[in-house]
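Engineer: The listed protein sequences derive, respectively, from chains H and A. With my numbering applied, the first sequence closes on residue 427, and no number is skipped along the way. With my numbering applied, the second sequence closes on residue 470, and no number is skipped along the way.
For the record, the hints were derived by calculation from the structure and aren't laboratory data. In this text the structure is predicted, and so the values were computed from the model without any measurement. Here a beta-carbon is modelled for each residue, glycine too, at the ideal position from N, C-alpha and C. You may find that some hints are simply not true.
[Said to hold, decoys possible] Restraint ranges, calculated between C-beta atoms of paired labels, are given here:
id	chain 1	residue 1	chain 2	residue 2	range
1	H	T376	A	T379	16 to 26 Å
2	H	E384	A	N198	49 to 59 Å
3	H	T376	A	P200	27 to 37 Å
4	A	S444	H	V370	38 to 48 Å
5	A	N370	H	V370	26 to 36 Å
6	A	V137	H	A409	50 to 60 Å
[Claimed, not checked] Looking from chain A toward chain H, a few residues come up when the C-beta cut is under 8 Å (computed):
id	residue
7	Y381
8	V405
9	D406
10	T429
11	S433
12	T442
13	G445
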Amino acid sequence: MSNVSFIDITDPLTTLTETYALIDNGNGQFTTMAKSVYDAQQAANTLPSELSTPTTPQAGE
Amino acid sequence: MSISNANTSAANINRFQYTATGGETSISGVDSNGATISYIIGKEQVFVNGVLLERTADYTATDGATIALSNALVAGDILEIIAFSAFTVSTAVSAATVANKGDLLVGTSAATVTNLPVGADGSTLVANSSASTGVSWATPSTMANPVINGGFDNWQRGTSIAITYNATFGYTADRFWSSTGFNGTVSRQATGDTTNLPNIQYCARVQRNTGDTNTAAATFVTPLETATTIPFAGKTVTVSFYARAGANYSTSGNGLSFNLITGTGTDQNRFGSYTGEAYPVSGTPTLTTTWQRFAYTGTIASTATEMAVYFRADRTGTAGANDYFDVTGVQIDLGTYTATTAPAFRRSGGTLQGELAACQRYYYREANGSANAIVATAYATSGTIAASYVYLPVQMRAVPTVVDFSTIAFESPGNILTGNITAAVITDKSSVNVASVNVTTSGLTTGQTGWLRYNNSTSAYLGFGAEL
């Protein structure tokens, strides 16, 4: 899930263009979402506290 | 009152008979049958020739051994004394054993009873082998288990999900996401223990790959939405679950940190932390390689508007072949319970199909078809984009925002098949019931009609996410 690219897709019917995150999960598996959704998730799930050795595991970080 | 297992413990009746020689006014000693006259004062009856005498007026009996008659006997009179013995019941229980209305007498061992004070209004009496009385009062949980897929029946994304260190967090089993503090897998496993865990088929296994040296926290979490949380605000709850460890589980002391985390935000996923985060229920059970049930109780703040069940393993060193923990039967009940008294695990959705529907409120994957299975009708809106509409089997929590896919192609009549689509995005024409999706491929002709289908692969899929 670390291979991420951003693509602009224009809806031919509305002619609106939006940027999407295209995540290559490997083995021909992909996930797409609006870049704004991806950015919001990234902002939340890369907090250092979850990826470092905790000092207060009881508190659940 | 009394209780007894020997109802024959009644008073004895002793009968004395004396034949008069004439003139006697005092009878004592040995009767005509050789029995020594004795009685309990006031518990005797005296008859002469079958007629019951009146105490005091006809006789007095004041020493337990002598009957003094007011009128002398005549020769040949037959005097009979009926004497009742003392009544004793060795197993009598004092009425004072119970103190209040509704108290119960319960056994604590063979031939031993004690008082069980009446329970709170609405509580029910349940068997409890860990209680000295063998039973205890419990508050019946009248709400469904809010933890969807707590028995890990549903794995729409696949039954083994690879975890890559420091990658984006992602959902694994339906409704449960895993952090990425390690390289490994989250997979469905059979519980395989008909003795300690006979009624739940599957569990989730959070495993570090052999040789992995990443020791950051491995968290396995299911966030519950606000609408699910509100009914539990201000209430005492018990969270119960089953867990076990692999032979090489590498946390300190084989511990597994558990928290019920609450927040005051709305429908957050707790990838990072909740707004107003609190930890009303927590524990650190020590795991063994055998299934154990654990239960922890606490009170949720009245201000809580979201909650998550959170498991966390802090591994050490290099992973061995079986560095994992298994968990299943995750449940939240109103009231206070122990691991023994907690209600049996029940699916949030009731039935297997109900549980799947509950999961599909958050994520739906069209999958598990034949190699050429059709997903939805589609038509080309340009040379590279085809529009398609997928009717969702369950109304989703929100309009889906995420699409995932693999090995999907566009096909038009005449078996004209494109290559695999390279992108699939939700459009603004989607609703909670219908996903409008534009797929990107090549070789299309504007206005071309057809359908999306699996491209010669049984592992193809098209999924829609409306997760927290």
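Engineer: Which numbered hints are broken by the structure, listed smallest first?
Structural biologist: Of the numbered hints given earlier, those the structure breaks are 3, 4, 7, 11 and 13, listed in rising order.
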